[in-house]
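There are 2 protein chains.
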Amino acid sequence: MKAIFEPRSVAFIGASSDLFKWGFNILHHIIERGYAGKIHPVNPNGGTWFGRKVFSDVNEIPAPVDLAIIVVKDSLVLETVRKCTAKGIRAGIVITAGFSETGAAGAALEREIVETAIRGGMRIVGPNTMGVFSAYPCILHALMGSMPLTAGNVGLIVQSGNLGSSISYRFLRRKIGISRLVSSGNEADLTLEDFLEYLEHDPHTHVICLYVEGLRQGERFFRLARRIAKTKPIVLIKGGRTEKGAQAALSHTGAMASNDGVFSALCRQAGIIQVDTMDEMIDVAGMLLSQPLPAGSRVGILTMGGGWGVIATDLCIREGLLVEPLGEAVIRKLDRVLPPYWSRGNPIDLVAPGNTRTVTDTVRILLEHAALDAVLVMGLGYMFLRARRWLMSEVVPKEAAQGPAEHLMKAELEVFGLIADLIGEFGRPIVPVVDIMAFDIPDQRGPLACLESRGITAYPSPEPAVRALARVTAYAKSFREDAPEKRDRIQAGAELLRP
Amino acid sequence: MKAIFEPRSVAFIGASSDLFKWGFNILHHIIERGYAGKIHPVNPNGGTWFGRKVFSDVNEIPAPVDLAIIVVKDSLVLETVRKCTAKGIRAGIVITAGFSETGAAGAALEREIVETAIRGGMRIVGPNTMGVFSAYPCILHALMGSMPLTAGNVGLIVQSGNLGSSISYRFLRRKIGISRLVSSGNEADLTLEDFLEYLEHDPHTHVICLYVEGLRQGERFFRLARRIAKTKPIVLIKGGRTEKGAQAALSHTGAMASNDGVFSALCRQAGIIQVDTMDEMIDVAGMLLSQPLPAGSRVGILTMGGGWGVIATDLCIREGLLVEPLGEAVIRKLDRVLPPYWSRGNPIDLVAPGNTRTVTDTVRILLEHAALDAVLVMGLGYMFLRARRWLMSEVVPKEAAQGPAEHLMKAELEVFGLIADLIGEFGRPIVPVVDIMAFDIPDQRGPLACLESRGITAYPSPEPAVRALARVTAYAKSFREDAPEKRDRIQAGAELLRP
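Listed in order, the protein sequences are those of chains Z and V. Going by the numbering used here, 393 is the number at position 238 of the first sequence; the sequence numbering is gapless. Going by the numbering used here, 313 is the number at position 158 of the second sequence; the sequence numbering is gapless.
For the record, the hints were derived by calculation from the structure and aren't laboratory data. From the three backbone atoms N, C-alpha and C, an ideal C-beta is built for every residue, glycine too. Warning: the hint list may mix true and false statements.
Stated by the list, open to error - Derived, one-sided and incomplete: chain V residues facing chain Z with beta-carbon distance under 8 Å:
1) SER301
2) LEU318
3) ASP434
Stated by the list, open to error - Derived DSBU-like pairs (lysine-lysine); straight-line CA-CA distance at most 30 Å:
4) LYS565/V / LYS193/Z
5) LYS565/V / LYS176/Z
6) LYS228/Z / LYS228/V
7) LYS193/V / LYS553/Z
8) LYS228/Z / LYS565/V
9) LYS228/V / LYS488/Z
Said to hold, decoys possible - The following label-pair restraints were derived from C-beta to C-beta distances:
10) ASP431/Z / PRO292/V: 20 to 30 Å
11) ALA306/V / ALA604/Z: 32 to 42 Å
12) ARG423/Z / ASN414/V: 24 to 34 Å
13) LYS632/V / ILE273/Z: 47 to 57 Å
14) ALA604/Z / LYS157/V: 44 to 54 Å
15) ARG512/Z / VAL417/V: 36 to 46 Å
16) GLY582/V / GLY201/Z: 52 to 62 Å
All chains should be modelled from the sequences, with the hints used to inform the complete structure.
This is the structure we're talking about:
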């Protein structure tokens, strides 16, 4: 695994100067993203690759190689693997497709390749994989996808290359970094379970995200997951939950279908957080990385506008969270900081407060005096947007706009900073919902950047915030209710998933 | 209504030069967005507003006024309305809050204001409204929210100002224009039902979107909706669906709660498309505006990667759409254009095809020969992204990247153009799923801009595309199954919603 994720040197076999080939693009990504180890392009024609020497054969490389990335055509993979083992290479990522996913002949060839590799002391990722990304000790971007992933603490294992691209890109745009990403491909040798066990022990991985179509080792998977989920949350999307979807998965990676109800029940019992969509995976992982775990289900909803409070309340109730009335004592305390017309209920409607301390004073009173496990703060980001409008005005002179705009932006940054402080002070989640408008303005990410610099994930709408909070609350609850006899039930259930 | 949405002249009463007041911001938006009629700022102090004359009283305005926008403090609204009626103004938008939503005293004052207005021949929007946006005959941006909405064909009525902002901004970012937007506020005079009837007859409004917390005239609403939905689809979000949410709505706009099950059933019977979130509203409205209605539920899924096909199939099945196998004859025809390893099933996995005609040839064969009512095309936008990567490379010289990049971008534009052509040719929905990466790159919106210029809404993930298609399919179906006795059921049901 070290050779795969932390190689000191890489042979790239099947290097090409043709921009339309993976033999170009993956090598290009590795070099462009600044892989700090040695990279040796290999192609029988030799020559150069944009100024770099190309070896005509693996055995010509005059130095030891940790990892081979293999992009040659399908009929040449077996021979290439043989040469790699002769060179003493311990790990290979076989990008090339056209094996077990195409039928019996492909499957036979795939078996031969893996047997040859293992006999020669080499382990294989794939074949038919999109590749690997690893952030530590240096960026290794050995992926088909070109999105400039950043280093972080999410480990991602996917049984589909394009979902790997789509999911990891969604992390990137929310400024959440990746520790390791592996597309497990046909899993002819190393399986999802092997990678999962690796991530368990990887100190850079704090949350594990999985896209699963079918498990080769169901029992092992749930045994591992149950152990890991106690300390590193696991967030999972299952593809092929319907019969038709499972048929599509079968033709895609040859993955074994499983009973969806059984699978979901096993996930619940193992403490795996199962989500429905890619976006939900990002929302949940971001919350796990940036907020304390809630101790219970009682949510306070703070809003700058009534409608948001209404829909957030509906969502909380539907997702099993509690939106309880505030006690008389808390209401009296809030009366001192809020305008006379405030809602006196939960949700707490601040109706676009003039004073920025209003927001954070309210949050502080709620956390100190109300029996709440988490607070949602909705309608942030508008001060910056209004200030921006003033500064861009063709009606108001710059001099008249400048002062008020700076005041407003400073005030909003203060709110964000204080929210981040309060999360630390109280050890309870305070979830910021910053309207998607703020996410869309690349030249004025002030408030978002402020949260991001504190490692806090913001949400662009009430819905994803509430859903993520509900998932995380259920996860936290599952460990409070933990009991030893659960383990046996999981093992019994896993039997059902065997082929 | 003409005075509200198409005024030739506006009195803005409560004009302020203080950037922190609505009396500044709303007036600023109207002027900055280039309202083409006459705008007359009014403030007892007179003077000027950034170079424009301010009248110290409405009756000093030396010309007729169609519409008064009232932003004075609550205690001055009654007197202001009296002056407006004396001036012969026929319509007023009362932004000012602090009336029936605050209790009995406020409610009494509100009643007096409305009675005074109506006696004087003036109709009122609000009070406690975020304002009005109207795109025809010219932009009138009389809103608290500052998002630069564009002219289009969505009519939007909201019972919450901040949801009005959030929803209309979401239309803007998807390049979907608005015809009229009204925040109905406390509905002391004009109600949501009045605005709905106006939109029925507004030729610029093709799709109607509603955020509803509570109906003042439930029976009238469903009678209208049923009539309108036959020709102009109505998309609706209900706030306050849970008991707690309804309580929040009560304190927000004083709206009457209703039984959620009854409400949803009435929506279904009236042909209203009820959606759960703001984003779903945009997805559905965009599909209604840009695609023919599907004649049935049979979906073909075309994908450039297996994982997307799997999750889209799951989604379709769960949403009640059909993903049927392809017939032998269709498979034989596709064999001629697809590479030997294609999936031979539905979803049709093209595995990142080299040739752009592959995509459109496949769509054409599917629409000509397979029994499909709609086609989803997933994984678009990647050619542009890859080309962009090449052009930005620090490894490959510009000269080497330029030609291939241009080829790829041209090829992808061709695919988008052909998809748009095929929608017109076959009169069936072809729904493009362009990964969200393409949405995020403001300087390279080539493929999206191509679709937008043809009026076609693209989707950033499989989930919203499938969900929107399912809603639109159900809407189309409800009219095929229409029967006269339904009307009576709706009227009977509406009785249940009366206070």
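Now for the hints, and whether the structure bears them out:
no.: 1; hint: SER301; in the structure: holds, 4 Å
no.: 2; hint: LEU318; in the structure: holds, 4 Å
no.: 3; hint: ASP434; in the structure: holds, 7 Å
no.: 4; hint: LYS565/V / LYS193/Z; in the structure: violated, 36 Å
no.: 5; hint: LYS565/V / LYS176/Z; in the structure: holds, 18 Å
no.: 6; hint: LYS228/Z / LYS228/V; in the structure: violated, 76 Å
no.: 7; hint: LYS193/V / LYS553/Z; in the structure: holds, 25 Å
no.: 8; hint: LYS228/Z / LYS565/V; in the structure: holds, 28 Å
no.: 9; hint: LYS228/V / LYS488/Z; in the structure: holds, 27 Å
no.: 10; hint: ASP431/Z / PRO292/V: 20 to 30 Å; in the structure: violated, 45 Å
no.: 11; hint: ALA306/V / ALA604/Z: 32 to 42 Å; in the structure: holds, 33 Å
no.: 12; hint: ARG423/Z / ASN414/V: 24 to 34 Å; in the structure: holds, 32 Å
no.: 13; hint: LYS632/V / ILE273/Z: 47 to 57 Å; in the structure: holds, 55 Å
no.: 14; hint: ALA604/Z / LYS157/V: 44 to 54 Å; in the structure: holds, 46 Å
no.: 15; hint: ARG512/Z / VAL417/V: 36 to 46 Å; in the structure: holds, 44 Å
no.: 16; hint: GLY582/V / GLY201/Z: 52 to 62 Å; in the structure: holds, 56 Å
Checked against the numbered hints given earlier, the structure breaks hints 4, 6 and 10 and satisfies all the rest.
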